[in-house]
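Visitor: So the sequence shown is numbered by our numbering: it starts at 63 and just counts up by one.
Please keep in mind that the hints were generated in silico from the structure rather than gathered at the bench. Incorrect hints may have been included.
[To be verified] Below are the DSBU-like pairs computed for lysine-lysine, each with C-alpha atoms no more than 30 Å apart in a straight line: (1) Lys116 with Lys220; (2) Lys249 with Lys220; (3) Lys99 with Lys220.
[Claimed, not checked] Label-pair distances were calculated between CB atoms; the ranges are: (4) Gly146 with Asn278: 30 to 38 Å; (5) Ala228 with Lys133: 27 to 35 Å; (6) Gly132 with Asn230: 21 to 29 Å; (7) Asp120 with Gln183: 19 to 27 Å; (8) Gly132 with Glu154: 43 to 51 Å.
Note that the structure is predicted; figures quoted are calculated from it, not measured. The beta-carbon is built from N, C-alpha and C at its ideal position, and this holds for glycine as well.
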Amino acid sequence: MTNKVCVIIGGGSGMGAAVAKEMNNRNYNLALMSPSKNCEILANELGGIAVRGKAEKDTDLQELFDTTMGKYGRIDSLLIHVGGPPKGDLLEISDEDWITANEMVLLPVIRMSKLVTPVMQSQGGGSIVNITTFSAFEPSLTFPTSSVYRVGVSSFTKLYSDRYGADNIRMNCLLPGFTDSLDLPQKFADMSVFKRLASADEQAKAAAFLLTEDSNYITGQSIRSDGGVTRSM
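Start from the sequences, fold in the hints, and give me the full structure.
Guide: Written as structure tokens, this is what we have:
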């Protein structure tokens, strides 16, 4: 039986690397991308392949797709996990930084969807997961560009799930809270009802659930894994 294939953008460190390890434990072949050599080191460790690149560069995304298809000939799961976009005081953020945020956060989801959807259609299905943030539900002035564009990812996710559900292709968002893969002060841990940061491994298990057939009837959702930080229902 051919192993399934999981592509991970942002798979060099933090949550992305934790998801790679979790999917490897589930016998998925891996294709990883990150801006640094970390993705190559991890891919070598896990028996996968890697492409150095940035999510905001369409040519890097194309190279990742082409390399994955050349090696494995299929893509069953896709995780998109990008870094934090520019921050600043709301009206002091430059037009250039707003454009950068759009290119970092929203456009990679759209561009990768265009690439992988025909493949998943031909295979009879697949799963795409976008890791965003709890502030998609409760916008924060601390993260203004992220709050704006990541809710756009949730909107696109719902539209995509409506359009391609008949092809058995699912798309969901995972909205983590503050996680130990970042160097954060205790005040952020205290925002959780558990008074601690999430571990990257905990977030990886939630992502793997959405990436695999364990969640076959879940699509178009923005699921919070934030330790109770948000209050909206």
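Visitor: State for each hint whether it applies.
Guide: Right, here's what the structure says about each hint:
Restraint check for Lys116 and Lys220: satisfied, since their Cα atoms lie roughly 25 Å apart, inside the 30 Å limit. For the suggested pair Lys249 and Lys220, the alpha carbons sit about 33 Å apart, so the restraint of at most 30 Å is broken. Taking the CA atoms of Lys99 and Lys220, the gap is about 34 Å. The hint is violated against a cut of 30 Å. About 32 Å separates the C-beta atoms of Gly146 and Asn278, a value consistent with the hinted range of 30 to 38 Å.
The beta-carbon spacing between Ala228 and Lys133, approximately 29 Å, falls within the hinted interval of 27 to 35 Å. Here the CB-CB span from Gly132 to Asn230 is close to 25 Å, well matched to the stated 21 to 29 Å. In this structure, Asp120 and Gln183 meet the distance hint of 19 to 27 Å, their C-beta atoms being roughly 21 Å apart. Taking the beta carbon of each, Gly132 and Glu154 are about 45 Å apart, inside 43 to 51 Å as hinted.
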